[in-house]
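From first to last, the protein sequence lines are chains A and B.
Counting with this note's numbering, you get residues 2 to 115 for the letters of the first sequence.
Counting with this note's numbering, you get residues 173 to 286 for the letters of the second sequence.
Honestly, the hints are just simulated from the structure, not real lab data.
For glycine and all other residues, C-beta sits at the position ideal for the given N, C-alpha and C.
Nothing false has been slipped in among the hints.
Below, a list of computed lysine-lysine pairs in the DSS-like style, where the Cα atoms sit at most 27 Å apart:
1) B:175 with A:52
2) A:80 with A:52
3) A:71 with A:52
4) B:175 with B:229
5) B:229 with A:52
6) B:175 with A:110
7) A:71 with A:110
8) B:250 with B:231
9) A:59 with A:110
Chain A regions said to be covered by chain B (calculated; three or more residues, Cβ under 8 Å):
10) 42-48
11) 105-112
If you want a taste of the chain B side facing chain A, the calculated C-beta under 7 Å gives, among others:
12) 214
13) 215
14) 217
15) 228
16) 274
17) 277
18) 278
19) 279
One-letter residues, chain by chain:
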Amino acid sequence: GDSVTQTEGQVTVSESKSLIINCTYSTTSIAYPNLFWYVRYPGEGLQLLLKVITAGQKGSSRGFEATYNKETTSFHLQKASVQESDSAVYYCALGEGGNEKITFGAGTKLTIKP
Amino acid sequence: GPKVLQIPSHQIIDMGQMVTLNCDPVSNHLYFYWYKQILGQQMEFLVNFYNGKVMEKSKLFKDQFSVERPDGSYFTLKIQPTALEDSAVYFCASSSSQGAMEQYFGPGTRLTVL
Numbered sequence: 002g003d004s005v006t007q008t009e010g011q012v013t014v015s016e017s018k019s020l021i022i023n024c025t026y027s028t029t030s031i032a033y034p035n036l037f038w039y040v041r042y043p044g045e046g047l048q049l050l051l052k053v054i055t056a057g058q059k060g061s062s063r064g065f066e067a068t069y070n071k072e073t074t075s076f077h078l079q080k081a082s083v084q085e086s087d088s089a090v091y092y093c094a095l096g097e098g099g100n101e102k103i104t105f106g107a108g109t110k111l112t113i114k115p
Numbered sequence: 173g174p175k176v177l178q179i180p181s182h183q184i185i186d187m188g189q190m191v192t193l194n195c196d197p198v199s200n201h202l203y204f205y206w207y208k209q210i211l212g213q214q215m216e217f218l219v220n221f222y223n224g225k226v227m228e229k230s231k232l233f234k235d236q237f238s239v240e241r242p243d244g245s246y247f248t249l250k251i252q253p254t255a256l257e258d259s260a261v262y263f264c265a266s267s268s269s270q271g272a273m274e275q276y277f278g279p280g281t282r283l284t285v286l
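Let the hints inform the model, and build the full structure from the sequences given.
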């Protein structure tokens with residue numbers, strides 16, 4: 002089956018510092034899945050942050066970016082300079098296309114220190 | 173942006189009783205999904221639904237579960253009878269088309285089975 006691994010359950014970063022949240026994936030059902038980062042801000046519902054559907058390409062949104070690396074089966078989320086408003090839980094996910102069943106990682110809670 | 177609503181936000185029910193979770197999807201969306209997240213675990217796909225039919229379901233979608241969207245109203249998840257292991261947060265999602273690559277999620281219904 003498909004799986005998504007986020008190794009860090011919680012990450013704390015000082016404001017204006019850089020961020021990387023690791024994500025690796027495994028899939029047996031499709032060679033090139035669609036890859037996503039979703040975010041849940043405090044008190045809000047899950048929302049799409051960015052998506053990449055083509056291996057080798059980079060997606061970006063709100064200063065965050067992630068590159069679809071099929072060699073290392075990774076899709077790490079990065080930001081050069083975080084803000085306090087980035088505090089949230091971030092979920093890496095993959096979709097098979099078609100009916101788009103989404104497989105989620107466990108989530109990484111990001112806390113920004115002022 | 174588009175909003176998915178879920179009613180109620182929290183439901184407490186005795187084991188063996190029936191429960192219906194309601195989802196009000198984005199108005200022009202045609203594809204509907206339910207996901208389940210047990211406390212401390214990953215969000216997992218349950219089922220997707222299109223044109224009055226279940227398209228795909230996971231092993232978590234037990235025989236006691238059913239979904240429907242009568243006459244374009246709420247998209248519902250019914251559990252009858254409930255079991256202790258059904259305690260979780262249930263998230264509804266909708267998308268505009270197959271492979272649309274963006275599912276819009278509701279805030280979740282927390283179900284507690286006593």
